[in-house]
Amino acid sequence: MRTLLQAPPGFGKSRRLAKVAVEHGGRTLFFVRSHLEALQVYSYIAEYGGSAALMFGRSSLCKFGARTATECLLLRERGICKARYKYINRKFAKIDDIYNAGVCPYEYLQAIGRQSKIAVLPIAYLESQEYLSSIADLLRESDLVIIDEAHNLLLHDLLVEKDVPSDMICDPHARRCVLLPIMGELLKGRNVLLASASVTKPFSEIFIKFLDINYINNDNIFFENLVIDIYPIKIRYINRISKSTVLLIKKILNDTFSVFNKIILFLPNKKLYEYYKVKLREYPLSDRPLGDIPHIVITYFGSPLSEGVNVDADAAILVGFPIPNVTDSWLKAKMQIVDRLGLSGFKYVLLFAAVSNSVQAMGRVMRGLENREKYVAAVDDRFWKYRWAMPKWFANSAVLREAPTR
Numbered sequence: 208m209r210t211l212l213q214a215p216p217g218f219g220k221s222r223r224l225a226k227v228a229v230e231h232g233g234r235t236l237f238f239v240r241s242h243l244e245a246l247q248v249y250s251y252i253a254e255y256g257g258s259a260a261l262m263f264g265r266s267s268l269c270k271f272g273a274r275t276a277t278e279c280l281l282l283r284e285r286g287i288c289k290a291r292y293k294y295i296n297r298k299f300a301k302i303d304d305i306y307n308a309g310v311c312p313y314e315y316l317q318a319i320g321r322q323s324k325i326a327v328l329p330i331a332y333l334e335s336q337e338y339l340s341s342i343a344d345l346l347r348e349s350d351l352v353i354i355d356e357a358h359n360l361l362l363h364d365l366l367v368e369k370d371v372p373s374d375m376i377c378d379p380h381a382r383r384c385v386l387l388p389i390m391g392e393l394l395k396g397r398n399v400l401l402a403s404a405s406v407t408k409p410f411s412e413i414f415i416k417f418l419d420i421n422y423i424n425n426d427n428i429f430f431e432n433l434v435i436d437i438y439p440i441k442i443r444y445i446n447r448i449s450k451s452t453v454l455l456i457k458k459i460l461n462d463t464f465s466v467f468n469k470i471i472l473f474l475p476n477k478k479l480y481e482y483y484k485v486k487l488r489e490y491p492l493s494d495r496p497l498g499d500i501p502h503i504v505i506t507y508f509g510s511p512l513s514e515g516v517n518v519d520a521d522a523a524i525l526v527g528f529p530i531p532n533v534t535d536s537w538l539k540a541k542m543q544i545v546d547r548l549g550l551s552g553f554k555y556v557l558l559f560a561a562v563s564n565s566v567q568a569m570g571r572v573m574r575g576l577e578n579r580e581k582y583v584a585a586v587d588d589r590f591w592k593y594r595w596a597m598p599k600w601f602a603n604s605a606v607l608r609e610a611p612t613r
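Just add 207 to the spot in the sequence shown (first one is 1) and you have this note's numbering.
Calculated directly from the structure, the hints in this document are not laboratory data.
Where hints are given, some of them may not hold.
[Claimed, not checked] Derived BS3-like pairs: lysine-lysine, alpha-carbon spacing no greater than 30 Å straight-line: (1) K226 x K416; (2) K441 x K554; (3) K270 x K289; (4) K458 x K441.
Just so you know, these numbers come straight off a predicted model, no measurement behind them.
Just need the whole structure built from these sequences, with the hints factored in.
What follows is the structure in C-alpha cells.
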C-alpha cells in the first residue's frame with residue numbers, strides 16, 4: 208500500500224486515516240502538522256477502538272526550552288533541569304506531573320511511543336536532522352507510515368544541523384535541503400498512506416516521482432452550498448497597505464458581514480496581519496473563534512488557525528494570492544534545486560505554496576456544508592489566473608466579480 212489521497216477539506220481524511228491505522232493492526236507512525244491535530248487524531252483512534260501514544264517534540268515538552276539533546280544535557284549538568292529518569296512505569300495526567308516525578312517528559316513520551324502500536328507525531332520530526340535521527344529506528348521498524356497534510360513534505364524543508372546529506376538537493380549556505388526526495392529514500396519499502404487537500408492534479412507529478420505512490424484524486428466535486436467570488440483586484444507588495452486597498456477590503460468585509468456572522472479573514476503574512484488589525488479596529492475582531500456571536504477572526508496564511516484544526520466559520524475572505532517572498536535566498540536556491548531535478552522551480556516552490564495556503568485557508572469554512580451555505584471571497588486577480596492549479600471544486604464554484612465601488 209503506497210497511496211496519496213487528494214480530497215477536499217471537510218472530506219474526513221483524518222478520520223479515515225485513523226480508521227486505517229486501527230484496522231491495520233501493525234506498527235504505525237502517524238504524522239500530523241500540529242499538536243492540536245495530534246490530539247484530534249488521538250481521539251479519532253480511540254473512537255475506532257484503538258489506542259495511540261503522543262510523541263511530541265523536545266522543545267514543546269521541555270519547560271526550559273531545550274531543542275536538542277546537547278542543550279538538554281547542558282541543562283542537567285548545570286543543575287537547571289532536575290529530571291533524573293527517562294522513564295518510570297507509571298501513568299500521568301499532566302505533563303507537569305511527569306517532570307515533578309523526576310522524569311523528563313520528552314524521554315517519557317518517547318518511551319511510551321516505542322511501546323505503542325500507533326504513535327502520533329508532529330511532522331516537525333521530519334524537518335530537522337536532529338529530530339529525524341531520533342525516530343530513524345521507528346521509521347525502519349514501522350509497518351505503516353501515515354502522513355496527514357502531506358503537502359507539507361514539499362512546502363517544508365529539512366534543517367541541516369550536521370553534515371549536508373547531498374549537494375544535489377541541499378544548499379550548504381542556507382543549511383537546508385528539499386525534504387520530499389529525502390522522504391522518498393526513507394520510506395522505500397514501507398507501506399505509506401498520505402492525504403492532502405492541496406496536492407491537486409497539476410502538482411501530483413513530483414509526489415509520484417519521489418514517493419513512488421498511487422495518486423487518488425477525489426477533487427472533482429460541486430458543493431451546492433459553497434459560493435466562491437473572485438475579485439480581480441491587484442494585491443501586490445507595493446499596494447497592500449495603500450488607503451485604496453484598505454477601503455476595498457473594508458467594502459468587501461462590510462458586504463460579507465451583512466450576510467454572515469462568523470468570518471475568518473486571511474492576510475498574506477504576520478506583519479500585514481498586525482497592520483490590518485489596527486486598520487480594521489472598528490470591527491469586532493478576534494484572534495480566535497468566539498462561538499456563535501457575530502465576530503471576525505483575523506489571521507494570516509500559514510498560521511496555526513489556517514490548517515487542519517476545525518474552525519466553525521460561515522465565510523472566509525482571502526486577501527492576496529499567497530505567493531512566497533521571492534527575495535528569500537533559500538526559496539531562490541530551492542527553485543534552482545527543483546529545476547535541476549527536471550521540474551519547474553516556480554511551479555513546485557512558489558505556485559504550490561500559494562495554492563496550498565489558499566486551499567487550507569478556504570478549508571476553514573468547508574465543514575458543515577451539508578447544513579448551510581458558506582462563502583469565500585478570494586481577493587486577488589491571480590486566484591482567477593491560476594485557477595487551473597486549484598482544486599476542481601474551486602474551479603467548479605468560482606465566479607469572477609467586479610471590484611466593489613467605494
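- Item | Violations among the numbered hints, reported as their numbers in ascending order | none
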